[in-house]
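A.B. asks: Spelled out from the first residue to the last, the chains are:
There are 2 protein chains.
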Amino acid sequence: MLKISKKADYALMALQHIASVQFGDVTPGRVVNTKEIAEEYNIPLELLAKVLQALAKNGMIDSHNGPKGGYLLARSARHITIAQILESIEGPLGITDCSHEKEGEICMQREHCNIRTPLLKVQDSIYQLLNNMTLQDMLGGTPLITIQSAATQGVER
Amino acid sequence: MLKISKKADYALMALQHIASVQFGDVTPGRVVNTKEIAEEYNIPLELLAKVLQALAKNGMIDSHNGPKGGYLLARSARHITIAQILESIEGPLGITDCSHEKEGEICMQREHCNIRTPLLKVQDSIYQLLNNMTLQDMLGGTPLITIQSAATQGVER
DNA sequence: TACATCGGAGATCATTATAGTCCCCGATTA
DNA sequence: TAATCGGGGACTATAATGATCTCCGATGTA
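Line order of the protein sequences matches chains R and L.
According to numbering that gives the first Met the number 0, the residues represented by the first sequence are 0 to 156, in order.
According to numbering that gives the first Met the number 0, the residues represented by the second sequence are 0 to 156, in order.
Hints are supplied without guarantee of correctness; some may be wrong.
Note that the list lumps identical chains together, so a pair holds whenever it fits in one copy or between two copies.
Derived SDA-like pairs: lysine to any residue, alpha-carbon spacing no greater than 25 angstroms straight-line [said to hold, decoys possible]:
#1 Lys-2 x Asn-64
#2 Lys-34 x Glu-110
#3 Lys-6 x Ala-53
#4 Lys-2 x Thr-26
#5 Lys-34 x Leu-44
#6 Lys-34 x Cys-112
#7 Lys-2 x Lys-56
#8 Lys-34 x Ala-55
#9 Lys-5 x Ser-98
#10 Lys-34 x His-111
#11 Lys-67 x Asn-130
Think of the hints as simulated: they come from the structure by calculation, not from any bench.
Take these sequences, add in the hints, and give me the full structure.
C.D. replies: Below you can see the structure in the form of structure tokens.
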């Protein structure tokens with residue numbers, strides 16, 4: 000349950016790769032193209048292309064056309080949160096259907112629904128968790144500590 | 000993203016209803032049948048039946064056959080966690096495909112996967128969140144406080 | 001003991017979401 | 001000016017979900 004899509008997985012892998020290249024010691028600032036990532040991680044090229052396009056549209060990365068083109072992080076890895084990445088691919092977080100009801104949509108259970116409020120609180124907590132962990136946290140060697148502090152911060156807000 | 004299924008929604012509504020009847024002031028201890036819940040919350044009867052059967056199989060509720068039959072909580076509402084309920088319906092929590100890899104299943108990205116470890120930490124945090132909130136917490140009037148403490152506890156473990 | 005009422009369970013179907021593919025375009029740069 | 005890149009639309013296959021139908025066995029009660 001609560002599984003994220005393959006596309007979201009690919010997005011995280013790709014961003015992690017781009018970040019590690021861009022801020023690594025070997026070739027800092029190098030532009031990374033789709034093919035390189037697809038081959039490195041065994042991701043279908045054209046599917047990854049869609050994912051990266053979505054990330055670019057949502058301002059996570061900047062794209063560069065033409066030969067030697069590719070992608071760069073749009074901002075520092077510490078200012079890109081996991082929540083932002085996932086939402087770029089899968090849309091807004093919503094553990095229930097009624098999280099984002101549009102005009103005209105009516106929940107059949109709404110009249111006597113007894114779980115809406117508590118579920119929205121759970122959703123908030125999960126969001127804080129994801130929004131307080133950044134791409135930077137996925138790069139380093141102490142992910143556990145980082146996540147723990149993130150979770151705590153999320154709750155204390 | 001991270002949406003739970005309608006079935007899981009129904010399960011939460013049904014258990015909340017059963018708990019409130021069983022421990023309420025009006026008819027404490029009364030057995031609740033499927034039809035009653037389905038009509039109260041506009042849930043398709045036969046789908047709800049499946050959900051309740053699954054909950055019974057997983058030890059969340061006890062079933063009673065025959066006329067005047069129905070369901071009762073198998074234990075107190077404070078010992079039934081949201082995680083247990085959701086897992087009864089949707090299976091184990093796993094935000095990534097590789098969370099529960101069985102023999103013979105191989106992740107194509109495993110060899111160079113750079114996100115597995117941090118994602119499993121995120122998953123743990125979410126699990127703690129869900130496992131520290133109980134059905135009891137969904138009944139009362141202070142769900143926010145309960146969830147917050149749950150999140151904090153989950154992290155501190 | 002007959003019967004209406006309940007849950008248990010399997011098969012089936014429609015709809016939607018996901019994963020992946022194919023093709024063509026425009027931008028860029030060597 | 002040609003090869004290399006991203007942008008984007010259409011498309012297909014497969015799986016998951018939501019829902020329905022049918023039949024069975026258990027059980028309380030008239």
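A.B. asks: For each hint, tell me whether it holds in the structure or not.
C.D. replies: How the hints compare with the structure:
Within a single copy, Lys-2 and Asn-64 get their C-alpha atoms no closer than 33 angstroms, and across copies no closer than 36 angstroms, so neither meets the 25 angstroms cut-off. In this homomeric assembly, Lys-34 and Glu-110 come within 25 angstroms of each other (Cα to Cα) only across copies, at 17 angstroms, whereas the closest approach inside a single copy is 51 angstroms. For the homomeric pair Lys-6 and Ala-53, the shortest alpha-carbon distance inside one copy (10 angstroms) is at most 25 angstroms, but the shortest distance between copies (31 angstroms) is not. For the homomeric pair Lys-2 and Thr-26, neither the shortest alpha-carbon distance inside one copy (34 angstroms) nor that between copies (39 angstroms) is at most 25 angstroms.
In this assembly of identical chains, the alpha carbons of Lys-34 and Leu-44 lie at most 25 angstroms apart only when taken from the same copy (6 angstroms versus 51 angstroms across copies). Taking the closest pair of Cα atoms, Lys-34 and Cys-112 come within 25 angstroms of each other only across two copies (16 angstroms); inside a single copy the shortest separation is 48 angstroms, beyond that limit. Within a single copy, Lys-2 and Lys-56 get their C-alpha atoms as close as 24 angstroms, and across copies as close as 23 angstroms, so both meet the 25 angstroms cut-off. With identical chains, the CA atoms of Lys-34 and Ala-55 are at most 25 angstroms apart within one copy only, with a shortest distance of 16 angstroms there and 50 angstroms across copies.
Taking the shortest alpha-carbon separations for Lys-5 and Ser-98, both the intra-copy value of 23 angstroms and the inter-copy value of 13 angstroms come in at or below 25 angstroms. Taking the shortest alpha-carbon separations for Lys-34 and His-111, only the inter-copy value of 15 angstroms comes in at or below 25 angstroms, while the best intra-copy value is 52 angstroms. Taking the shortest Cα distances, Lys-67 and Asn-130 never come within 25 angstroms of each other, neither inside one copy (33 angstroms) nor across copies (49 angstroms).
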